[in-house]
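Join the two chains, each given in its own frame, into one complex according to the hints.
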Amino acid sequence: MSIIFKFTLRNIKEKKLRTFLILLSIIMSSALFFASTAVSTTVEMIIMEQVRKYYGSADIIVTAGEQAKSWAISPNLLDNCPEGVKYAAGMIHGGGEYKEKGETVRIGIQGINLEDLDKMNPIILEQQHELIPFKGSKAIIGKGMAEEYGLKPGDPIGIYMNGLKKWFIVSGISQPIGPFLEDGENRYIVVPRETMAGLYGNKGKVSEIYVGLEDSSEQDMMVEKLSKAYPMYRVEPTISKAMIKSETQQISAMFLVIVVFVMILSAFIIYTSFKVIMAERLPVIGTFRSIGATKKMTNRVLMVESMVYGIIGGILGDILGISILKLMIMQITPIWESNIDFKAYYTIGQLIMGFCVGLVLSLISSFLPIRKVSKIQIRDIVLNSVEKKFKKKRWKTVLGILFLAIAVVVPRVTPDNTAIAVGIMCMFLLVPAVVMLVPHITNSFLKLFQFIYAEVFGNEGILAAQNLRDNKNNLNNIILLGMSISVLLMIYTLSQSIINDTVNYYKEVKYDITFWTWPANRSTENKLLSVDGVMDTYGEYFKYGETQVMGKNTEIKSILGVNKNKTLDYLILDIEGDAEKLVKELDEGRNIIITNIFKDEHGIKKGDYLKLKTEKGVFEYKVIGFIESNRSEGKFALIGERFLKSDMSVKEYSDIYIKTNKDSEEVVKNIQEKFKNRNPWVRSVEQSMKENMEANSKILGIFNGFGIMALVICVFGVFNNLIISFIDRKRSLAIMRSVGMNKRQTLKMIFVEAFTGGLIGGLTGIIIGLLLIMNVEKVIEALGGSIKEFIQISWISLAACVIVGIAITIAASVGPAFRSSKLDIIDAIKYE
Amino acid sequence: MGIIIEAINLCKTYKMGEISIEVLRGVNFAVNQGEYVSLMGPSGSGKSTLLYLLGGLDKPTSGGIKLKGRELALMKDKEESEMRRREIGFVFQFYNLVPNLNLEENIMLPILLDGKKLKQYKNRLDEILELVGLSDRRRHTPRELSGGQQQRVAIARALVNDPDIILADEPTGNLDSKTGTEILELFKRINKEKGKTIVQVTHSHEAAQYGTRIINVKDGRVWE
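Residue numbers (my numbering), protein chains in the order written: chain A, 1 to 832; chain B, 1 to 224.
Okay, chain B solo, but in the shape it has when bound (with noise of 0.2 Å):
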């Protein structure tokens, strides 16, 4: 299994007014396809920015990320809105739905945007509604359901390009014990069944225990 995501000497520094804060202080590491990988740290450690800057959702300040070989700071906009489209799949906290789509809808958003017809890709709707068990639940908006059905939706639609990875932050940190449990078995059951590489941020012992390998995030730097 070949490295499929590497952070070399990764930094990020915020400026707020005259002060610089230092949030990642030369990160360095790599996962492999198929590993799901828990990155854990107690707040501010900086681990969501981590995951953000590897998901191409924000520029690191120095350093470089390579996501499946290729370097995401030699990417133009346009390749890299197509990288996270079709080879990243983000789960948020708080679920990030449409608001206004309904849940087909906002599980099809990742294969719209990358200008496919949704009637080809319909079976894959039903394969994954199958899969995060809201099969009954297709034409509901995000407020007609509850926190770990939208969560579920969250990763249904990081499903629905088949993407090697799969990038969740706090993916349990809005849910009840007993919700995140579930949620973190179906994301076990998806890096086992699926193949599909995870990299999960939490700051809980027990959800970083669902991973195959645990990523010490604190004042900026890793270990293991």
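In isolation and in its complexed conformation, chain A is listed as follows (with noise of 0.2 Å):
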């Protein structure tokens, strides 16, 4: 068996190039594989870190209750809590301003004792002065703080709370976590809890209770317990990791139906070179089996080879993961936060699924050419006489055309609750369908071709057309290349029309800048009427959060108070019916607008009562139409203002549009200049439209490099193939040159050979590529999203198909083409 391992051995490391595409792509598909799947964690581990900032390990915030008098609640509360608390620590949250340098920053207060925040969100300082006890006026700040202000300890910080400037003593700084981790927004300072409640009249309370538990995948649980034992107070998780983590996962399950078709090719790339592989091996596997070794043996060795592969590309592919997934944060961070450092984050177990990834794919793409091999013969192999007939099996083209057809009619009869998962798995079933009958389908364009290629290449375009009929290496990189084009038109042209869809929302706003400052109100408004090039302003008002509707098991998660008069000529809504008259409607009374995502959720007709809990009670709204949008996952409403304010104790804007009659650039100068004191968000629509196109070019860029990925993986692949194919054909060749073909005829034919592989590869891509962007529409319309006039598929991107694959195939041509011509045509034809 040693000599069979040796001879292994040395096989892979002769066929050097064999095995690098080989490596290539279990490495692509384990690296991919691990990246797609460790990004939710990341991004998960990103939020969660994010959050601490303002909860720290706390899992349960508790709070006064609707019905309580007052805000504050005695911080012993939870003094006999249940099992399974393990700290409950009492805070006054507050917040000031801090007016430096000619600007205003807002800055959130956190009263607190230094045990309680040593148990909940612990900091680490790096100077501090006289801060135990800490009492009085000591104050914590952070690092980044101190910095931009030139703060040290033991100096004094003065903070305007509700008008009054108090003065604190900088008793700490503190290193950039916990409450002082920098996300470039809010800066937090902390102070002694019983200087807090003395500053708010409330000395010896506090305004929430943190709880943090023994075990946080308790959390559902034990809010509902506290929720009981607390009847008359609020009871919340302090953000629901449950909800992160089926979130972040879907970040992760869009990038894994790209991985699937690059693990796909893989797979295809690795069977084709164990066919030949085994092929090579042949008379060798024949010699070994007719001095004594078992199918059993030499099967075991194959698969041990196949395994070498696996385990190699699986640690590589790692690797290469862990610096795929470094760069993906890169690209997706910005969404959220710019000016962070950001870690990957992964778990022991994403990187064994992505080694078993590369393993198995491995086993499994070699075990059928192996098996295959397994069955022939002793006495087939040792005479050479084993067939090589090229069988057109009828069951292959009906079983490729039923496919086809369930692909493309079974996601269109789909109803909308399984058309995701349908639409997905259709989109799978294109790859076999395609691979049945690419034959076919290259047969058909090649008789085609034969016509015309007489006219436009002569004599030789005629052969090229007939060389490439049946031929298994040309009907392989068809596949490759349908495959990859297809998945990169997919990609591509799903990003052209998010960045096209952004482009025209943009250029249908009514609008020409957005303004936001806190607090945003009526006064605000008035002054920003007054800033030049100012026409007209409208403030809304939106609530955001969870509002609960009883009695139908769900929420709305976003709620627009609608203004009679300035809504509609500022914002688009895609309202069904009378726009105008339903507006006016909404103020007449308690009525709401809901989308159609959701009255088809949950069966509800034009006319039925919705019962909304808010803080300030239960209401009942009439429901008058229906709005097409996919906000809030469809979890979105509208009312009118004055409801949503006394309903919904919304008080301030959340954003104010205005429109301008001068050049809206020198308006937002203008309205920072009048507003530089409150630290205002200004934006002109072209500055929204810029910064929306660039986080979402970010993350699109992600999916473009994992279809050019698979692009390269097609790529190697098909230069693999024309190298394989050129060894099969060196007779065939030979035996043209022998009956009269020169040598500039032979280059020809080989580079119309590799155009018409190319062409007819971009081709299939096109048309693959169609009908997974038909299958798309079908799950973004299932996921609530409107795809009217979305996608859109340009005549370049299709052009551009064509020209891939036959750049690939002629580049990949260029050295067997000269190869071929320079071929020794005694050596070639002399011996069977």
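Be careful, since some hints might not be right.
Stated by the list, open to error - Example chain A residues on the side facing chain B (calculated, C-beta under 10 Å, incomplete):
1. ASP79
2. ASN459
3. GLN466
4. LEU468
5. ASN471
6. ILE498
7. HIS602
8. GLY603
9. LYS605
10. ILE727
11. ARG731
12. ALA734
13. SER738
14. ASN742
15. LYS743
16. ILE829
Unchecked claim - SDA-like cross-link-like pairs, simulated, lysine to any residue; straight-line CA separation at most 20 Å:
17. B:LYS116 x A:LYS566
18. B:LYS119 x A:PHE457
19. B:LYS15 x A:ILE826
20. A:LYS730 x B:LYS116
21. B:LYS119 x A:LEU448
22. A:LYS566 x A:ASP655
It is worth saying that the hints were derived from the structure and are not from the lab. Cβ coordinates follow ideal geometry from the N, Cα and C atoms, glycine included.
What follows is the structure in structure tokens.
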């Protein structure tokens, strides 16, 4: 056996290009798989890290109930708390403004005892000045704030609270962790709890109690338990870890869909490579078998070879995967936070999974060729009488057509609740359909090309078309090109459509500038109207956060308060029917417009009543219409502005939209100047569009990157196939030379073949790509997206598919073509 | 009848690493038009090498070859290929048909390579298929034909462009004796009826007897 192993290892070493190709396929697959699964963990950790800024390790927050007269509660409320509670830390949360260097910075103030802070959200002090005992006007600030404003321990710091300047002494400067984590937006200071309580006139009280659990997975159960134990208080989870998990897993799922295509491409390359390996090893396998090696023995040796590829590829794949993950995080990060250097988080389990993907992919892909060879009789191997017939199997054609029909028809007749799963499955079903039908597609194209080529390329064109008929390597190339180009076309089209959709949205908006500051109210709006260039404004009331819909076991996640005179002049709302009339009706009473998604999900009809539970009580709203929107996953609604203010305690504008009568950029500058003390957020539509597009292009860049990796695998696959094709066809090429084909004709024929393979590959890619896009449209529809005029396929992208296909095959043909023209004719034809 | 093939002091040496093997050592002979010459000799005598040199498939180390009075060594690739298409027809021991082309396409290969329109050669194809007895197999691929039938296709291909010279390397070497005899009879007919010059390589005395002239090849030298 050791001889056979040595023989195998020698082969791996000798066939460098093939070994590289197989390893590349495995590495790419396991790397992308690992990165795609680990990205959800990393994003989850990033979100959790950010959330910890506010809540530390606390799982539950307890505040005063709706019926309570005051927000103040006793910090000792949970002294007899149930088992499972690790700590209960009381805190008074407040806010103020710090005015320095001509700017005003919003400051969050946490009034908390140091022992409680240590349990809940520990900090690391870099410098301190008489910090202990933590009493009186002492304050801890973050390193970032200290550096930015030149604050040192012992310095006084003045914070405006309710218009009055309160003085604190900087007693500690913390590293940027816990509440001092830098996010480029909010700054916090920590002061003694009793000092804060005194400032708010509620000595001995806190505004909230943060509860840390022994076991965080019991969060939901403990919320229920505490709610029952303390019915007069509001008990809520600080953040739903399950929700974050499910949302981050959606990110992984999006990438994994593409990774599956990459894995299919890889499997195809490994499968074809092993077929060649088997063909080459056949005589030696025959020899070994003839001298007593059993089928099991030879199979085992070949499977071990496949395992070696899998192990090396899996390990290298994990290493590459970590780098890809870091790149992905770098790309994704700016969507939330731009100033922070995030780490890549992954688990050992994910690394093992990535490795296993490589190993299993290699074993499965090589199993069929190995099994096929083991079935060949020793006599046939030794006498080299193995039939190399190219059999056209009718069942494959029938199955291919069936798969294609299912992939095209089924997503169109599937109900929305199963459309996502069915749509994705049908996308994958296209792969075997294409593999089975490509010979027919190719032959149909070739029949057509043969006539055209006779005129365009002369007789060499006819020969090229004849040579490609039923040529397995050519078919493999077309499958590889078709699949990778289709994936790229799908990703590119979707990316472009999203970008175009963004551009179109901003082209249609009816305002010029968005403005936000805190607080933003009627007086802010009046001040804005006095700015040079501001023509008109609309202050939008919006409620973010869940509002329970009683009796429906669901919630509405965001509600827009509609102003009958202004909203339609500023916002694009796809309200069904007479929008103006419906908006007026919203103002007339407790009426509501819900999304079509919400309507379909809960079977709501016009005229039905929805009971909304808010802080102020339960209010009944009559459904008067529907809007086409996937905002907040369809859990979005419109009500009258006055009802939003009265029923849902929305006091401030969420945004103020501005129409200008001057250049928007100039007006933005004017507004910034006017509001320079209030740290406003002002963006012109062009700026918003640019920022939005940048954020989009970052994440879309990753998808395109995945698609390009699929193409890279394909390029190497095509190179390999053409080299194999050259080796297979050496004899045929020599025969042609012997009957009078000159070198120029040889080159011309091979390049026409390459051109044709690329052309058909590109066209096949377009066909599969369009079918994939059709299914993606259905998936988007099922997700609640509007696809009306959303997906636009450009002629340029279709032309690019063909050009890419042709460019790859022609580039890959250069080597074999010149080797063909220099072929030693006698060497190639003399022996059978 | 004039000289159609002339070998002048032909030498061929192969290098295998450090070792040089002299396969042909100054071969001189001429073939007249319409002759059926058998180059006969044992394995490794250099007879196939000689045939390939005559057909321009290989280059001599020294010496020269004249085909229809034209020096092969002076020809460029384009002219040499044209010569192989129009003036020579090759028949090999292992038939050497292009496996993915059908019988018709294999036969018409030299016509295609000559840049001619296939339609104009339809009658010629019918005539040749009739001659080799394969009229009913025109759409078959080489895999679907027996060894004898494949060799007939190779002969048809060699004849399709109406060349004056047929060069055959062990044309019966891979066939059973009955089929081999049929092929040799076919060659004889082609030589007699069509007036083609045939040079065949063989190690069989029986096959050599079909020729009108036998040239012996041994250790890189020839004699009659």
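Would you list, in rising numerical order, the hints stated earlier that this structure does not obey?
-> 1, 6, 7, 8, 9, 10, 17, 20
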